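Student: One letter stands for each residue in the lines below.
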Amino acid sequence: MDISVQELAVLVGGRVAESPGDRRFKSARIAGAASISDAGDGDVTFFGNQKYLTALKTSRATCALVPDDFQEEIAAIPIYVANPTVAFSRVLAHFAPPPAVVVPGVHPSAIIGECVQLGPDVSIQPYAVIEAGAVIGEGSFIGAGVYIGRQVKLGANCKIYPNATILERCILGNRVVVHSGTVIGGDGFGFELVKGRHVKIPQTGIVQIEDDVEIGANAAIDRARFGRTRIGEGTKIDNLVQIAHNVTIGKHVILVAQVGISGSSRVGDYATLAGQVGVVGHIEIGEYAVVGAQGGVSKSVPPRQFVWGTPACPMKEFKVRNAHAVRLPGLVGRVKQLEKLVEKLSRQLGESPDADAE
Amino acid sequence: MDISVQELAVLVGGRVAESPGDRRFKSARIAGAASISDAGDGDVTFFGNQKYLTALKTSRATCALVPDDFQEEIAAIPIYVANPTVAFSRVLAHFAPPPAVVVPGVHPSAIIGECVQLGPDVSIQPYAVIEAGAVIGEGSFIGAGVYIGRQVKLGANCKIYPNATILERCILGNRVVVHSGTVIGGDGFGFELVKGRHVKIPQTGIVQIEDDVEIGANAAIDRARFGRTRIGEGTKIDNLVQIAHNVTIGKHVILVAQVGISGSSRVGDYATLAGQVGVVGHIEIGEYAVVGAQGGVSKSVPPRQFVWGTPACPMKEFKVRNAHAVRLPGLVGRVKQLEKLVEKLSRQLGESPDADAE
Amino acid sequence: MDISVQELAVLVGGRVAESPGDRRFKSARIAGAASISDAGDGDVTFFGNQKYLTALKTSRATCALVPDDFQEEIAAIPIYVANPTVAFSRVLAHFAPPPAVVVPGVHPSAIIGECVQLGPDVSIQPYAVIEAGAVIGEGSFIGAGVYIGRQVKLGANCKIYPNATILERCILGNRVVVHSGTVIGGDGFGFELVKGRHVKIPQTGIVQIEDDVEIGANAAIDRARFGRTRIGEGTKIDNLVQIAHNVTIGKHVILVAQVGISGSSRVGDYATLAGQVGVVGHIEIGEYAVVGAQGGVSKSVPPRQFVWGTPACPMKEFKVRNAHAVRLPGLVGRVKQLEKLVEKLSRQLGESPDADAE
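Residue numbers (this note's numbering), protein chains in the order written: chain V, -5 to 352; chain R, -5 to 352; chain E, -5 to 352.
Hints were generated in silico from the structure; no laboratory data involved. Some clues are possibly wrong.
[To be verified] 35 Å max Cα-Cα, derived DSBU-like pairs, lysine-lysine:
1) R:K194 x V:K194
2) V:K189 x R:K245
3) E:K147 x V:K293
4) E:K189 x V:K153
5) V:K293 x E:K293
6) V:K334 x R:K310
7) E:K330 x V:K338
[Claimed, not checked] Covered stretches of chain V (chain E as the covering partner; in silico rule of three or more C-beta atoms under 8 Å from a C-beta of chain E):
8) 49 to 60
9) 130 to 139
On a predicted model such as this, the values are computed, not experimentally measured, just so you know. Even for Gly, the Cβ is constructed at its ideal location relative to N, Cα and C.
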């Protein structure tokens, strides 16, 4: 699968430098692709961001995709292209390992309950357990050790990675991807304090996930107390995210790793919550809103607003506040100086520097 | 299972409005229950909180439980009741899906080690693995794919959801619920730096969990270095919570999702830690204390105190501080104004505005 | 396994007090070891930290290891030793449960794919699934329900705990420990917004983990978009940690529970990230740097620097800022006082207190 630099240039529609040692350049062999800092002998890398120029100069890559107007001296053999990032995607496609071939069928060790409906071309891997009444749509893949509860419904072409768990009655649309270790449909966290004991409030609802949602590894999405916890179409959820009961996530939302959303809150379409954000219960985050990393959202956020901090406030305000906080020691000094001056002025005017005496 | 509005009114001890079109009202069919915003055609909802009035007016619910003195015009058919929230619980019980019937017994695919003691009426699901010497109390349920280590002891009527993991020698009381993906008894995180390498400190203790504890999905509770990591009776732990080695959690404590508690810390009875709170090691949180969401607790908290922030401080102080932080830009302006005034006054008095010259 | 106090003193090279009731002292039986607060009848504890003196005085331990110069009156029988902490380690070793004996071999229920290479003395536990082309090095242990993807390579003497998941083509060195529920090699979180939809960017790289790494329970380490997500030799990672695609973690790093590191960031050798720290993408944390708990790191951190806060800043600065924030209410009072004084002075000088009139 390795190719010469010349072949690589053709592949990406680029140009190899005319330079001394030309021949060596063009016939050098490339066997893999890597980032500037990871690349080693036989690797091609790419220069997509000016801030990596120093790194590129010391990179051990054999070859580098650079912009047409690139002028620097580098050790790697440059291939000049219009857009190094786009060109590198083509390189990656060339060097990507062949995807695993999944042969449809039910592994003999899988346990399939009564009245389970399996669509055509499903693949059920070893030690998967599918409980009674579940429906698995056409072309869906159920990984090894996955648990699918009774009456769960999966649409077509879903991919459930090994050791994920989907509990009873939850509903997933088409092309939903659930990564390993994730739990969908655990009980919502609802208790009532009765005579000094937390009594469980039954959680009888479900989780409903629309088409084209992807959920990372070891996330937890709780079933509703009643009705549905809902994840809208096209939303992408990263690893270790917590979504509580009766939450509604809109369409095409981005929830980065370790986000936590409390019960009954709503997140609008195209909103983005950065890593480790927390959201209290019963509020609404508007569409296209953005919450900065680690933000703690304690009240509703209007559409398209960018908030940050704990408690979260508009980004602009957060930055002003933060800038002032940084300068606070200076402000303290200025106040001290003023106090000295005013005391001096007061003394000159024969006054005791005590405003309250007034 | 669907019923008429009239039947629903009888079920909740309420009253349907006398109004034109009365007949249509009372015979309309209700097939499900949902929140105001989720409810659609054929659903009943409830109006339990004044702040949802606007939502109620645009709700697509067919029927709504409202308080006796409710006067607003709504599209849904109102049923008047003394307490809509309480009435709705009855509705939920009516529409709740029948709980899964668990037939006691050991699935032939479960692997049961030597000298395992299974109480009467236990249910061991497919591909569960129970290692030698474990004890499973009467009526306990071990879900599919669950791993129970050697010499683990479970009391009566525990419920361990699919793909949970309980490691060797840990002890669980009666009626303990462990949700999917949770790991109980992983090694505590203890290393000692010796000649530039982190050398593992053996973690030979256990986790002991008392009666009526419930633990959410994908949580992690580490075994003690020696002795026990202990979770007190009636405590409820949400998803993705981290409890380190030798921690002691009291009775009836609430730990909300993504909380993390470091080694050897203690949490008193009835304390509440809101979502994403972090607690350093070797401190004590008093009984009935409350830590606000995302709080970072770096020193012990007295009983009944409410703390917030990072580092956490009493709620009152946090609010004052935060209010001042919000007004900091204004304060900076005031200081600037003072500086101008003082300079002017000094000039009038023929003074150089330099206090240090004094 | 229980021993007399006299025998215990010999075991730790210590001395039992010459005191009235001597005989009772030396023949008392000790059956276990526990911390000062956990210890009960028949337990030995140790006094390693002055701050636990009060606790020691009320401890129910039968025996306590105390420093040679210890003078306090305690209820427990004191054994005097040079270093109680060190002595207690010996005690722990004595009372530690025998480690589980793992008999090498492949459980008949394990599913081993084509062309899998199993080294000598491997142990493959029940319901483990090892896909085609995987390599398991000598003496490695694969727990029950573990999933090992195709072409995964494990070195010698690795320990993979029950229900962990290692996905295709990832590479682990020697003596790597992976705790239960952890997922290695899930897809990186990479999407591109095209015509209003998040289109998945293929994640074709791997995770590479070097020798002597230990990873806690329910952690998630994503595979690289291309190339490798890399964890350096000797690094220790706690529970519920998130490591995004293309991150590079150096050697002998400590990542405490619930840390999250965003894509392509780098953490230098011997750095320490305390609990719940978050790190944005594409930055570098220098070697030996330390980030305080819950810190939010938004730009690169120089080697050996200690940073804290969100956004993280040098510890010293954070403390100054925090101290000033605590005193902010006082500062507001001082400014108010100055305003009054200046107004008074201005009035005396027949001036309107309006600097802008100038």
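Student: Any of the earlier hints contradicted here, and which numbers?
Tutor: 1, 3, 8
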